[in-house]
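Q: Residues per chain, in single letters:
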Amino acid sequence: MMQMGELHGGSRMLSAWELLGQSGSFWLPPPAATSADVVDSVFQLILAVCTVFFVLIVGLMVLFVIMYRRRDGVEASDSPSHNTALEIMWTAVPVAISMVIFYYGFKGYLDLRTPPLNAYEVQVFAQKWSWTFQYPNGVVSEELHVPVDRPVRVVLSSQDVIHSFFVPAFRIKMDAVPGRYNQTWFQARTEGKFDIYCAEYCGSSDKDSQGHSSMLSKVVVHAPGEFENWLEDQANVVKRLPPAQAGEELYKRYGCAACHSTDGSARTGPSFKGIWGETHEFSNSTPTKVDENYLRESILEPMKKIRSGFQGVMPTFQGRFKNDQEIRAIIEFIKSLK
Amino acid sequence: MAAASSVAVPAGHATDNYLTHTRGFLSWALTLDHKRIGMMYLVSIMASFLLGGIFALLIRTELISPGRTMMQASTYNQYFTLHGAVMTFLFIIPGIPAALGNFVLPIMLGAKDVAFPRLNLASFYLWLLGAVFFVVVLHTGGLDTGWTFYTPYSTTTSTQVTLAVTGAFILGFSSIFTGVNFIATIHMLRPPGMTWFRLPLFLWALYATALVQVLATPVLGITLMLLAAERLFGLGIFDPKLGGDPVLFQHFFWFYSHPAVYIMILPGMGVISEIISVFSRKHIFGYKFIAMSSVAIALIGFLVWGHHMFTSGQSRLAGMIFSGLTFAVAIPSAIKVFNWISTMYKGSIYLTTPMWYALEFLFLFGIGGLTGLFLGSLATDVHLHDTYFIVAHFHYVMVGGTTFAFLAGLYYWWPKMTGCMYSQNWASLASVLTFIGFNLAFFPQFLLGSRGMPRRYYDYTGLLGEHPEFTHLHRVSTLGSYFLAIGLFMGLFCLIYSLFRGKPAPGNPWGGATLEWQCSSPPPHDNFSSPPVVGDPYAMKNIKYDPKAGSYVKVEDA
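Residue numbers (our numbering), protein chains in the order written: chain Y, 1 to 338; chain L, 1 to 558.
Just so you know, these hints were derived from the structure itself, not from any lab.
This one's a predicted model, so the numbers in the text were calculated from it and none came from an experiment.
Just so it is clear, CB atoms sit at the ideal spot from N, CA and C, and this is done for glycine as well.
Take the hints with a grain of salt, since some may be wrong.
[To be verified] List time: in silico DSS-like cross-link candidates among lysine-lysine, alpha-carbon distance up to 25 Å:
(1) Y:Lys304 to L:Lys544
(2) L:Lys112 to L:Lys554
(3) Y:Lys305 to L:Lys241
(4) L:Lys544 to L:Lys554
[Claimed, not checked] To list a few chain L residues with every Cβ distance to chain Y over 12 Å, as calculated:
(5) Gly24
(6) Leu50
(7) Tyr125
(8) Ser158
(9) Gly193
(10) Pro240
(11) Met309
(12) Leu373
(13) Cys420
(14) Leu429
(15) Tyr538
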């Protein structure tokens, strides 16, 4: 439970509101992409309309309650019980205003949904409960790296249930639906790191405290020229590092860490620690020794042998690797976990 | 009214009434009297409201600080699912029509009962059976899909989805039975003189609601059966692994569940139309516009379901059409609000408890309705979809709107239902406390959402780096929810206290001109011994307070 003392910290409360003022407008976080400018302008338009109408409705209501409050001996005045001209007026005015809002909302939406033809393309794989990003040269990462001031098209797919790719600072959101590809795009205009959230409820696991609310990542927006360097660097993981270290890198990059620990604790899947050379029992197969062939099969066809005490929920990684050395590197990494 | 105290037993108070007509458990369990069925619904629905409210408080308490506060993530997922499912299927949908509507509709119409009393009782028992399913789900592994049952999560989770959707299927039939009954009653049982344009606006609202109940609910029933069949037999309808389409489920689900939003709010709007007119002592302004706007909402409401799916990958053309139609359905609601405000103009406004709730409704529904513009507009919805902004918006509509209207109606008809007057001062104070608590609980959620907080998050620790303000906003929201609960309990206590210590209610304590105020409080077993004289339901000028009788009475020559 929280400490009750915190509730009385008036200064803490104040600092929160100061923070709110510093980071973006009152209602919206700081915009960091061109899409945010589109959305924010429509947001401000609607906010203005809402404020006017709310003040009008509640203002009149309060005014009438005060002006026409019940007084002894005073009866309600005779006033007409309908007025066609007035009623048509207050039908027509909201129709006109809502058409204006609709128009700007739709116009902005077309921008959000129409990636430029020259956009850089990144594949996004969603699974319970991690994001993986793959670049045109095959590099895979846990965080989304992009260059500043360049349109980026993201193609979304899901390995299991529906997830949703949400970057509040860019004001973009698109569902990752299993069995189909959805796309969205953005052009970041501020360098830095921005949050990615999953916005479609996708469950959780108590075993390793993973779930919908921990399915988070970052967009890393690089300065001009830096993105290419980063990508070059990443492409060579197998060449640039010894196999076991490269395997560790790949273990993080492909999202294995979401389900497989390296410290012996069971998550959604069994831990990798100390399994090399052990003989394991399976709910759908005969006992097998953990060797190169078993590990390779478990990565590429995880449902063939489902470890006793676990549910078979792992998606296949067939076709996800850049080359065979990557699988080899992961096997070496597991081997190294004594 | 205060003046009632000068008379020991005011005019129109009846000791021989539907409550005392017969006695014993079976006289209630097997009753065909719409008033008793309405009361049984009322008690059951309030119990569901309590259950759903307990889940709400548990959710809010978990979120009072980041990280784990008192439960595991899987427990949290179950609680928000059950909060939504119980509140939607057991409380909000049947709330006004089945509880208040059942009691009031036939009397307001001038009829002795609904058209099909046995169907009415069957509807209540189906509701009970559906509720039993939910209780069984609660005790046998729970449900963690969210009340929306989205596939393929719902076809793969190990919780009790099949039992829960069977329960919702049964509740759907309960709702259809009520709808059929109300349509038949309003068509067939109107007494001489009760023309369509003399129908009180509450009945127009119930009629429009019944149309939606009858036409939309079967779609939900079939969808949920398909979902159950997919889980039980591996049919490939929604699960892409079996060749199905998960987005198809969303289309089917919202084809019912969006019109269902109007099942929830239309009767509430009807209640507000009655109350504003009576307590402003004024004829309702723009009767025909209000009546027709209910029907318009019911019809256009069928065509907007795709606005729940602007980020699902549906085509831009579909997005455009659904957004346009969504703005169209907003217009009739705006018309109603302007008419209510105009009704108060030059009135003589009595701040009774029902009127307090009605005014609070205008404030809250104003916010709920206007924030819908952000969500109907395509560009802004992309950012706000599935964030706390949505949660705040629909709570302002469903709680600030429907629930406040339900409470307004409950306090309005309570003297008629029970023959007891409650304390105006205490009950009004409770309503103001409920109102303040509600705003504290839900207004911060708009800010949470527009700043990026996704809904259905068990923990927001990982979000604090970019958004340190989330902790404080969640904390205010949680504290608000406690005030909201205290206000509601205080209101409930006022009603229960009135049953034992309340003054006897006169036949017409508020000065209403609709027919239910012409029969005694509580009404006799068969409502009217002879068909009542039907006049203009909003002719407030002809209803004057008579201190000698301790009640409002009709003045013929006014």
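Q: Give a verdict on every hint.
A: Status of each hint after checking the structure:
1. Y:Lys304 to L:Lys544: 83 Å, violated
2. L:Lys112 to L:Lys554: 22 Å, holds
3. Y:Lys305 to L:Lys241: 20 Å, holds
4. L:Lys544 to L:Lys554: Given that 25 Å is the threshold and the Cα spacing comes to 6 Å, the pair holds.
5. Gly24: Holds, since 44 Å exceeds 12 Å.
6. Leu50: 24 Å, holds
7. Tyr125: About 34 Å separates L:Tyr125 from the closest Cβ of chain Y, which puts it past 12 Å; holds.
8. Ser158: Contrary to the label, L:Ser158 does not stay out of reach of chain Y, its closest Cβ about 9 Å off (not over 12 Å).
9. Gly193: Consistent with the label, L:Gly193 stays out of reach of chain Y, its closest Cβ about 19 Å off (over 12 Å).
10. Pro240: 3 Å, violated
11. Met309: At about 9 Å from chain Y, L:Met309 fails to clear the 12 Å cut-off, so the statement is violated.
12. Leu373: Per Cβ check, L:Leu373 is inside 12 Å of chain Y; nearest 5 Å; violated.
13. Cys420: 23 Å, holds
14. Leu429: 17 Å, holds
15. Tyr538: 7 Å, violated
Figure legend: structure checked against the earlier numbered hints; hints not met, in rising order: 1, 8, 10, 11, 12 and 15.
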